[in-house]
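Let the hints inform the model, and build the full structure from the sequences given.
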Amino acid sequence: MNIKNLIRLTTICIAAIWFCGCEETARKPDVSETRLAAVKPPEKQGKMPAPAGGLVLSIESTAITSDELIAPVKSELDNFAAGGDYELFRKKARPLLADVLLQKITDIKLYEKAKAALPENVDNDIIDKIVEQEVQKFIAHCGGNYAVAEQILKKMGLTWPEFYKQQRRTILVQSFLSDEMKIEKPITYSELVQYYNSIKNESYAKDAMFEFRLIDLNTEKFADPNDPNSKGDQKAIELANQLEQKIKNGEDFAKLAEKYSNDESAKNGGLWKPARPGSLVEPYNKIETVVVDMNAGDVSVPVFARNHIFIVKLENKQAEAIEPFEKVQAEVETRYILERRQKMVNDIINKIISQVDLSYADNFIEFCIEQAWRSARK
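Count along the sequence shown from 1, add 2, and you get the number used in our numbering.
Hints were generated in silico from the structure; no laboratory data involved.
Any given hint could be a false lead.
Stated by the list, open to error - Below 30 Å or equal to it, Euclidean Cα-Cα: the simulated DSSO-like pairs (lysine-lysine) are:
no., residue 1, residue 2
1, K329, K319
2, K257, K319
3, K117, K139
4, K275, K167
5, K237, K223
6, K115, K131
7, K345, K187
8, K117, K353
9, K250, K275
10, K94, K329
Now the structure itself:
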């Protein structure tokens, strides 16, 4: 393997996150059961491995077993079967299993293409070293504990040899995708601006909001319980005026709220969560009209609102706005590149799927449906 190819493979390993995991991407093709039913049997079949789960479907030189098709969606299938109606179970299970089958076929096809794209003089020993590095990273993520790593693999249904094989597949597929996804045309400033304009309202808009502290005096709590005609308004007004003067004299608003406010926020010094205009219900919507002309740090005069007297301290206020392009240009460029690369991946996957021929797909899926039903009803 020449230096160029070694660097390419190593770089792809380090930048694997760039693709969000090629095998995960390959498991999300935009396919349907209709497409699955319409494909034709392949003209050639490779040597098929020994069956490991009953009836198998041969793709290239790989066999997909019924167990492999059922396992990823077993919990959903078990839920479908809980109703006890086989025909309803079959109706729900078929498209689910069809999607899993197409996803597995895509993975197989990508790997076959990746192997075919390797240079003739590729040095497998070097690839093995890169695989070993990835395996050691996995063990390191498990605290360097081999036993813990092995337990995790068991939960994933993998042995160490299978895990090594999986890592090799991932590296080769990522390398293949990196070649297929080369962006030759540089991104222009006008392209970025156009992309920003298309997403700014969804991604970079800031809603208007305000944050405040509140002293809430509920006049009903000041009524004399021994006097049915007492409403407590006068006592609440007197206390509100006293608190207003205390605040003007420099006393801490939060401490006064904690001591005197009848609102649940009193324990937090009267601090409310940030609110959007129009989000407060009566009688608290009166607060919105108060803060309109206030600046951060201002304290209102006592405000009357249906059995309540409010004293409001504005902590923060933000007008509705959109972050300017200049501020988010780097992020916009990153998003644009990733989105364009993702589209390229999807195009590659869809192209592969459109060329897939299946042998006895209907019979295989029906067999898997029956196997899943029996397993769930045991």
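Just to be careful, I want the Cα atoms of K250 and K275 compared with a cutoff of 30 Å; is the pair within it?
25 Å, holds
Restraint check for K117 with K353, where alpha carbons must lie at most 30 Å apart:
Holds: K117 and K353 sit about 18 Å apart, inside 30 Å.
Holds or violated: K345 to K187, with C-alpha atoms at most 30 Å apart
15 Å, holds
Run the distance test for K237 versus K223: straight-line Cα separation, threshold 30 Å.
10 Å, holds
K94 and K329: Cα distance at most 30 Å?
At roughly 48 Å apart (the allowed maximum being 30 Å), K329 and K94 break the hint.
Would you check the hint for K257 and K319, treating anything up to 30 Å between C-alpha atoms as holding?
22 Å, holds
Mind checking the alpha carbons of K275 and K167 for me, to see if they're no more than 30 Å apart?
51 Å, violated
What's the verdict on K329 and K319, does the C-alpha distance respect the 30 Å limit or exceed it?
21 Å, holds
Please verify whether K115 and K131 have alpha carbons no more than 30 Å apart.
Measuring from Cα to Cα gives roughly 22 Å; hence the hint holds.
Run the distance test for K117 versus K139: straight-line Cα separation, threshold 30 Å.
Holds. K117 to K139 sits at ~24 Å (cutoff 30 Å).
When the structure is compared with the earlier hints, violations turn up for hints 4 and 10 and for no others.
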